[in-house]
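Novice: Sequence:
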Amino acid sequence: MSAKSRRPEPRLARARLGKCVAFVACFVLVLGSIASSCRRQSNVFVIALSDNVKTIDPIGSPSVDAASERVRSLMFNSLVKKDEKFDYVPEVASKIDRSEDGLTFTFTLRDGVTFHDGRPFTSADAKYTLDTVLASTFAKAASFFEGVGANRKAYVKSIEAPDAHTLVIRLNSPWTGLLANLVAIAMIPKDSYESQKTHPLGTGPFKFKSYDQSQQVVDMEAFPKYWDGPPQIAILRARVISDSNALQAELQSGRVDIAPLPTSLSPDSIKGLSSNPNLNVRQFDGSNLNLLTFNTTEPPLDNVKVRQAIAYAINRGGVLGLYAGANLSLRSGDGEEAFGRSGLSRSRR
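Residue numbering for the sequence shown is 1 to 349, as defined by our numbering.
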């Protein structure tokens, strides 16, 4: 079956944001842009999310959801991040060295990175974070292993912290997925896992203030000592607005400043909002995939001929037409910007 990559994905913002949302590639970069170039009359900046924030725990969730990850990325940093070109680059690491045999990764940590409570970020914290994840049954731990049950094997052999600014990860065998999986691991202070469940504490641009789970509102405040420069937004509020009509009304009224990846809005709704002179709509190439998969263990779908017949019968053009040109039909599970896809630069294969 083919996959459909959402392309482009819309972001809706109040017109006063100007160029802040003109070049966005991921959620946290939106805020980096706003923080560096936008001045606001109000000290509260409101972000609308389409899906519920299921947890504020940065690493210990039994499942992973997009809304929680977006909130997490505002309060935490990882050793590695994806830039706007989907390349893996250092975040709270300043340098990454890989041995020739591909078995050893050495991370040099940035100077001047502190947690929100003032503690300096060191390799002991990074080691504690990764050791905690790898010893757990958390959702984010699964990708660091291959196989299941008795056949489950760890990709990571050991994690070492030879000095305060150096972290060494040794692998059992070459593994191309290390950097990709480190992106999702938020760095937390040593011995802080339990407290993170109710009071997240990281090194990110915003500090945790409050979480109203019943109202689905997360409030954060600027961290003035953020290593990459203090945000110019004093208070950041993430609100979950899953109803399409409600989201449109909030955007039109100005009670919401930005709606990144508004999955509840139809192409027609986005087109209508585009006509509002007080709103800016920005689109960019995305990496989300919508998949239709088969249970190939049960008849008749265990028959490859049946699956091929269904694949041939799909009106791909008609399906894509419903999205008004905002999607692209693929012949595999990898989007055009997927890491390792043929045709990319060697550094990203």
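Source of the hints: derived by calculation from the structure; they are not laboratory data. Some hints here could point you the wrong way.
Distance condition first, Cα-Cα at most 25 Å in a straight line; then the derived PhoX-like pairs of lysine-lysine [stated by the list, open to error]:
(1) K54 <-> K157
(2) K95 <-> K197
(3) K95 <-> K54
(4) K127 <-> K85
(5) K95 <-> K85
(6) K54 <-> K81
(7) K95 <-> K209
(8) K157 <-> K225
(9) K197 <-> K127
(10) K81 <-> K95
(11) K127 <-> K95
(12) K95 <-> K153
(13) K81 <-> K305
(14) K54 <-> K153
(15) K197 <-> K209
(16) K157 <-> K209
(17) K54 <-> K225
(18) K209 <-> K225
(19) K197 <-> K153
(20) K81 <-> K197
Since the structure is predicted, the reported quantities are computational estimates derived from the model, not experimental observations.
Novice: A separate judgement is required for each hint: does it hold in the structure or not?
Specialist: For each hint, the structure was consulted:
1. With a C-alpha separation of about 32 Å, the suggested pair K54 and K157 falls outside the 25 Å cut-off, and the hint is violated.
2. For the hint linking K95 to K197, the alpha-carbon distance of about 30 Å lies beyond 25 Å, and the restraint is violated.
3. With a CA separation close to 33 Å, the supplied pair K95 and K54 exceeds the 25 Å bound.
4. Taking the CA atoms of K127 and K85, the gap is about 28 Å. The hint is violated against a cut of 25 Å.
5. Restraint check for K95 and K85: the C-alpha separation of about 18 Å stays at or below 25 Å, so the hint holds.
6. In summary, the hint linking K54 to K81 is supported, as the alpha carbons are separated by about 23 Å, within the 25 Å threshold.
7. Our distance criterion of 25 Å between C-alpha atoms is broken by K95 and K209, whose separation comes to about 32 Å.
8. As the CA atoms of K157 and K225 are separated by approximately 35 Å, the hinted pair breaks the 25 Å bound.
9. Distance restraint check for K197 and K127: the Cα-Cα separation of roughly 19 Å lies within the 25 Å cut-off, and the hinted pair is therefore satisfied.
10. With a C-alpha separation of about 12 Å, the suggested pairing of K81 with K95 holds against the 25 Å cut-off.
11. With a CA separation close to 17 Å, the supplied pair K127 and K95 stays within the 25 Å bound.
12. Taking the CA atoms of K95 and K153, the gap is about 28 Å. The hint is violated against a cut of 25 Å.
13. At roughly 42 Å between alpha-carbon atoms, K81 and K305 are farther apart than 25 Å, so this suggested pair is violated.
14. The hinted pair formed by K54 and K153 fails the criterion: a straight-line CA distance of about 30 Å is larger than 25 Å.
15. Distance hint between K197 and K209 is fulfilled; the C-alpha atoms sit about 14 Å from each other, no more than 25 Å.
16. Among the hinted pairs, K157 with K209 is inconsistent with the structure: their alpha-carbon atoms are about 37 Å apart, more than 25 Å.
17. A distance of roughly 28 Å separates the Cα atoms of K54 and K225; the hinted pair therefore is violated under the 25 Å criterion.
18. With a C-alpha separation of about 16 Å, the suggested pair K209 and K225 falls inside the 25 Å cut-off, and the hint holds.
19. The hinted pair formed by K197 and K153 fails the criterion: a straight-line CA distance of about 28 Å is larger than 25 Å.
20. Restraint check: the Cα-Cα separation between K81 and K197 comes to about 23 Å, which is no more than 25 Å; the hinted pair holds.
Hints 1, 2, 3, 4, 7, 8, 12, 13, 14, 16, 17, 19 from the list above are not met by this structure, while the remaining hints are.
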